[in-house]
Amino acid sequence: MNGSGRIWREPHPYGSTFPLRRTQSCQWFVDGRKYMEHAANMMELAQEEIFIADWWLSPEIYLKRPLIEGNRWRLDELLRVCISWIVLLTFLFDPVIIHYY
4 MNGSGRIWRE
14 PHPYGSTFPL
24 RRTQSCQWFV
34 DGRKYMEHAA
44 NMMELAQEEI
54 FIADWWLSPE
64 IYLKRPLIEG
74 NRWRLDELLR
84 VCISWIVLLT
94 FLFDPVIIHY
104 Y
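If you're matching positions, the sequence shown starts at 4 in my numbering and goes up one per residue.
Since the hints were made in silico from the structure, they are not lab data.
Among the hints, a few may not be true.
[Unchecked claim] The calculated DMTMM-like cross-link candidates involving lysine to aspartate or glutamate, where the alpha carbons are at most 20 angstroms apart (straight line), are:
(1) 37 to 72
(2) 67 to 34
(3) 67 to 57
(4) 67 to 47
(5) 37 to 97
(6) 37 to 57
(7) 67 to 80
(8) 67 to 79
(9) 67 to 40
(10) 37 to 63
(11) 37 to 47
[Stated by the list, open to error] Simulated DEER-style distance windows between Cβ atoms:
(12) 20 to 61: 36 to 42 angstroms
(13) 73 to 9: 51 to 57 angstroms
(14) 69 to 11: 45 to 51 angstroms
(15) 21 to 54: 27 to 33 angstroms
(16) 47 to 20: 35 to 41 angstroms
(17) 20 to 50: 54 to 60 angstroms
(18) 64 to 99: 49 to 55 angstroms
(19) 41 to 95: 19 to 25 angstroms
Values in this document were obtained by computation on a predicted structure and should not be read as measured data.
Glycine included, C-beta positions come from ideal geometry on N, C-alpha and C.
All chains, please: the whole structure from these sequences, using the hints.
Next up, the structure:
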């Protein structure tokens, strides 16, 4: 196997059975701070639409901390500025309700 099948015979990171796909546009976030900063940056760069799916959405959350620019990075303020040129779609769903008997 010298062609594309060779990637299955090589060792993979973290003991995985699948090869690393370098062409995928995804990013791993370990903590909420980096995720929130990245989300704020992407919302600011949005050109057409922003889609938010969540089960508990608080518009008063600050996406970037520490607070050095007033309310600029608060979710509702950021979306209020963006809403003039983009479409905002939100999907809020109920969490699964588990009944204990």
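Now for the hints, and whether the structure bears them out:
Annotation: proposed proximity of residue 37 to residue 72 holds, straight-line Cα distance about 18 angstroms (limit 20 angstroms). Of the supplied pair hints, the one linking residue 67 and residue 34 holds, its CA atoms being roughly 13 angstroms apart against a limit of 20 angstroms. For the suggested pair residue 67 and residue 57, the alpha carbons sit about 19 angstroms apart, so the restraint of at most 20 angstroms is met. Distance check on the hinted pair: residue 67 and residue 47 sit about 12 angstroms apart at the alpha-carbon level, within 20 angstroms; holds.
The hinted pair formed by residue 37 and residue 97 fails the criterion: a straight-line CA distance of about 26 angstroms is larger than 20 angstroms. With a C-alpha separation of about 18 angstroms, the suggested pair residue 37 and residue 57 falls inside the 20 angstroms cut-off, and the hint holds. Distance hint between residue 67 and residue 80 is fulfilled; the C-alpha atoms sit about 12 angstroms from each other, no more than 20 angstroms. Between residue 67 and residue 79 the alpha-carbon distance is near 13 angstroms, which keeps this suggested pair within the 20 angstroms criterion.
In summary, the hint linking residue 67 to residue 40 is supported, as the alpha carbons are separated by about 5 angstroms, within the 20 angstroms threshold. Annotation: proposed proximity of residue 37 to residue 63 holds, straight-line Cα distance about 18 angstroms (limit 20 angstroms). At most 20 angstroms may separate the alpha-carbon atoms for a hinted pair to count; residue 37 and residue 47 meet this at roughly 16 angstroms. Here the CB-CB span from residue 20 to residue 61 is close to 39 angstroms, well matched to the stated 36 to 42 angstroms.
With their beta carbons about 55 angstroms apart, residue 73 and residue 9 fall inside the hinted range of 51 to 57 angstroms. Against the hinted window of 45 to 51 angstroms, the Cβ-Cβ separation of residue 69 and residue 11 comes to about 47 angstroms, which satisfies the hint. Checked against the given bound of 27 to 33 angstroms, the beta carbons of residue 21 and residue 54, roughly 28 angstroms apart, stay inside it. Against the hinted window of 35 to 41 angstroms, the Cβ-Cβ separation of residue 47 and residue 20 comes to about 39 angstroms, which satisfies the hint.
The beta-carbon spacing between residue 20 and residue 50, approximately 39 angstroms, falls outside the hinted interval of 54 to 60 angstroms. Distance hint check for residue 64 and residue 99: the Cβ-Cβ separation is about 23 angstroms, which falls outside the suggested range of 49 to 55 angstroms. The supplied range of 19 to 25 angstroms is met by residue 41 and residue 95, whose beta-carbon atoms lie about 22 angstroms from each other.
Of the numbered hints stated above, those contradicted by the structure are hints 5, 17 and 18, listed in ascending order.
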